[in-house]
Every structure is written in structure tokens, then in C-alpha cells.
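Enquirer: Could you fit the two chains together into a complex? Lean on the hints.
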Amino acid sequence: MASGSVVVLVHSVMPPATSGAAFTARTGGSSPAEQVPCYAFDAAADEYLDFYCTLVGYAGGGLTFTLTSMAATATTGGALVALAIRRIQDDAEDVDTAQTYDYNEVRIPCASASGEYSYDTITFNSGTDMDSLVNGEDFIVRLRRRGSDNTASTGDDQAGDWQLISLVGRET
Amino acid sequence: MAVLTDQQRAEVTATFMQQAKGPLSILKMDVRAAVDALDAWYDANAGAINQAIPQPARGALTLTDKAMLNNMVVDARYVRDVAPAPGSA
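Going line by line, the protein sequences match chains A and B.
Taking numbering that gives the first Met the number 0, the leading residue of the first sequence gets 0, the next gets one more, and so forth.
Taking numbering that gives the first Met the number 0, the leading residue of the second sequence gets 0, the next gets one more, and so forth.
Excised from the complex, chain B in its bound form (with noise of 0.2 angstroms):
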């Protein structure tokens, strides 16, 4: 998979500053150049992402069930229980 198109990374740019939690020091620019970075990031490491699930999950799950598995693993550690600061979403 290739990394995402300028449109679909202005994208997550937006939606990002609608849901962050917030307070945000940096610039919208500065929110961009991260969402490239990560997206960057994942097409270098797919292949080895996908090398730490082992079998029979790798095998046998698709690449979007992956995905999901990878952004629920995510959310449980870092996200879900983080208050979001006064003023944000």
C-alpha cells in the first residue's frame, strides 16, 4: 500500500485538531508535518508491524482487521482513558 494521497493526509490533519485533546503548542503546519512523518513511518514498517502478530492471527486476518487490532491496541494504552483538556472536543 502506497502512503496516503496530500487530500487524505489534510484530512487527518483536520480531524485531528477537532479531536485532539488538547492543549496544542504547536502550529497547524506542525500538526501536518506529524501526520506525514507517521504515515511515512507506517508504509517503512507495514511488513514488520506485521511480523509481531503471530500466527494464526497474521495469517489468517485480513489487512484491515490488522489495522483495527493495531488502532484498539493504541487507543487502550494511550487514549481512552486521557481526560481532554477544557475547551476541546
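Bound-form chain A, shown alone (with noise of 0.2 angstroms):
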């Protein structure tokens, strides 16, 4: 696959046991009205969202996963939002261990409209980066929003929740 092709394959989405962002449906404005999925990722406490996925046609070029949200009420701030990646080997990977999710994150300003989509980028490179995932195989996108984080102007400042639309991975 060649640089910008869809090499994540996306086949789940489960919010782990605790600490789950929200699926909901935000109404929309037409007659009749949109119902628009999407996960609510709350404003006052860390929540988390995983993807399992499969890696195809990957090269070997590093991902960038594409992010589309909303603000549920927010016109203003921003939210700390990180992706980490767990790869699952075959043969190796045990899902009843435990595994540190090392996260890239990025902070995600919000639209200037709350139902305004906003497109944002997390990127990993190639290796340890992304867990040494290779082509073809299993792997959870563990998703974050750092409600817990409170800091003006550079961190988590944004009132409301956070809302997650689609997430697409992309070979960098």
C-alpha cells in the first residue's frame, strides 16, 4: 500500500470494563432529524474507548490515524485526546496479562461551532512506536481523552463532553 492508503481495518469497537466513554446519538438539525453516532468522552475523568483491529497491506511507513469529533456543548478550549497501540502476536500475546499503553497525544481544539466536525491526526512511527506491529496481524487502538487534566490553554480545558465519530488509520 502506498503512503495515505487504508491499512487499519477496524472489525470492533468495545469500551474496556471501566472507565468507558458513552455511546450515544447526537441529534441533528434536519427534518427528520440526524442521529448521529458517536462515543461521549466525559470532561471531568480519564475515558477510554479500544479498537481491535487488523494491520493489511501495510508497508512498513509508520500510521496516521485520522480523528473525527465534536464538542457536545463547547465552542471554546481544547481536549487532550492520545492513542496507544497494544499489538497482539500470534502466539505470543496474552490478553489476560497486563500491557503499558504508551500514548501519543495530542490536543484537539474545539470546533467554533459545538456540531462542527473537527479532523485531527495522531501519528505513530514505525517500531517500538507502534508496539512492532507488522503487517497482518491483530491489535488494539486503546483511545483516551485526559478529562482529569484541567490545565488553561495547553491542556484539557474544554467544558462538556467530547464526542468521537470515526476513527480511520492510514499508513503515513
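Hints may be right or wrong, so weigh each one.
[Stated by the list, open to error] Taking CB as the label site, the calculated pair distances span: (1) B/ASP29 / A/ALA24: 27 to 35 angstroms; (2) B/ASP80 / A/GLU33: 20 to 28 angstroms; (3) B/THR63 / A/SER18: 31 to 39 angstroms; (4) A/GLY19 / B/ALA59: 40 to 48 angstroms; (5) B/LEU37 / A/ALA112: 26 to 34 angstroms; (6) B/VAL73 / A/VAL55: 38 to 46 angstroms; (7) A/VAL9 / B/ASP80: 36 to 44 angstroms; (8) B/LEU60 / A/ASP148: 36 to 44 angstroms; (9) B/ASP80 / A/SER29: 17 to 25 angstroms; (10) B/PRO53 / A/THR23: 39 to 47 angstroms.
Keep in mind the hints are simulated off the structure, nothing from the lab.
Glycine is no exception: its CB is placed at the ideal position from the N, C-alpha and C atoms.
Expert: Encoded structure:
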């Protein structure tokens, strides 16, 4: 696959056992109204969402994830959002054991209106940054909003939920 | 009654951000500042609010029932019939 090609096949989405983001729908403004499916991440605590994926057609150039999101009610501030990869290597990785997720984090400023989409990216370099994941393997992408942070201007200062619409993974 | 604890104020802040009608053009710390200020105001003016309740209700109602009464009046005046902004809970 070439740079920019979609190489992450998401086959399941599941909140973790605790501190998971809630699946919800945002009512649109048309008649009949859209019901925009999204996952809502709280503003006052860290919340997570796991994506169960397979790497398909990956040529070793690293990964770029595009996150599409909205603010539930905020029109100012930003959210600290991070991704981490857990490689599920054949006959080697036991999901019954603990993983220390190593996050790549960005601050996503909210759009000027709370119903507007925001498109942002998080990148992973090939190799240990993506848990040494190789083509054809399954892996878990864990998404986190660090709602426990309240740092003004550079941290997570966005009031209200951060709503994830979609996650797409491409070769960088 | 003393002002709310830091943890209680944090919980009020979190609950408000979940339930606010929106849109919110302020930051998380601004919401918290408003919670702190309202809590302090209630602490300073509890006596005046109590005096606004005529007898015999003032003497017969418990503190909890007076607080519920206050909430119900505020809700009916300012909250109940307001539609939430799109995206809010």
C-alpha cells in the first residue's frame, strides 16, 4: 500500500470494563433529524475506548490516525486525546496479561460551533512506537481523553463531552 | 452548614458539564469558578433565603425540605421548559 492508503481494518469497537466512553447519538437539525452516532468522553475524568483492528497492506511507513470529533456543547477550549497500540502477536501476546499502553497524545481544539466536525491526526512511527506491529497482525488501538487534566490553554480545558465520530488509520 | 468540600464542588462541576443545556463558551475552570462562587453565595445568604420563607413553613420545614423547595422554584422558573442545545444530554 502507498502512503495515505487505509491500512487499519477496524472490526470491533468496545469500551473497556471500566472508565469507558458511552455510545450515544447526537440529534441533528434536519427534518427528520439525523441521529449521529458517537462515543461521548467525559470532561471531568479519563475515559477510554478500544478498537480491535487488523493491519492490512502495511508497508512499514508508520501509521497516521485521523480522528473525527465534535464538542457536545463547548465552543472554546480543547481536549487532550491520545492513542496507544497493543500488538497481538501470534502465539505470543496473552490478553489475560496486563499491557502498559504507551500513548501518543495531541490537544484537539474544539470547533467554533459545537455541532461542527473537527478532523485531527495522531501519528505513530514504524517500530516500537507502534509496539512493533507488523502487517497482517491484529492489534488494539486504545483511545483516551484525559478529562482529569484541567490545564488552561495547553491542556484539557474544554467543558462538556468530547464526541468521537470516527477513527481511520492510514499508512503515513 | 459549611461550604462544600473540594470533592463535592468537583462533582457538581462534572455533573453540570454532563447536563448543561449549552452551548458552553466557557472553559472547565470557568465552570468550576461559578460552582465555587454559588456555593459561597449560598453559604453567605442562607439566612436571608430562610427569612424569605414565611411562617409557618419556615419553622415547620426541615432544612432539606427548604432546599428542595428552593430547587423546585428555580427549576420551574429557569430550567424546566428550556430545550437543550444540540449535542447536550
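Enquirer: Indicate, hint by hint, whether the structure satisfies it.
Expert: Right, here's what the structure says about each hint:
1. B/ASP29 / A/ALA24: 27 to 35 angstroms: Given about 28 angstroms between the Cβ atoms, the range holds.
2. B/ASP80 / A/GLU33: 20 to 28 angstroms: Cβ of B/ASP80 to Cβ of A/GLU33: about 25 angstroms, so the range 20 to 28 angstroms holds.
3. B/THR63 / A/SER18: 31 to 39 angstroms: With a Cβ separation near 33 angstroms, B/THR63 and A/SER18 satisfy 31 to 39 angstroms, so the hint holds.
4. A/GLY19 / B/ALA59: 40 to 48 angstroms: With Cβ atoms ~47 angstroms apart, the hint holds.
5. B/LEU37 / A/ALA112: 26 to 34 angstroms: This hint holds: roughly 28 angstroms between Cβ atoms.
6. B/VAL73 / A/VAL55: 38 to 46 angstroms: violated (56 angstroms)
7. A/VAL9 / B/ASP80: 36 to 44 angstroms: With a Cβ separation near 42 angstroms, A/VAL9 and B/ASP80 satisfy 36 to 44 angstroms, so the hint holds.
8. B/LEU60 / A/ASP148: 36 to 44 angstroms: holds (42 angstroms)
9. B/ASP80 / A/SER29: 17 to 25 angstroms: holds (24 angstroms)
10. B/PRO53 / A/THR23: 39 to 47 angstroms: At 45 angstroms between Cβs, range holds.
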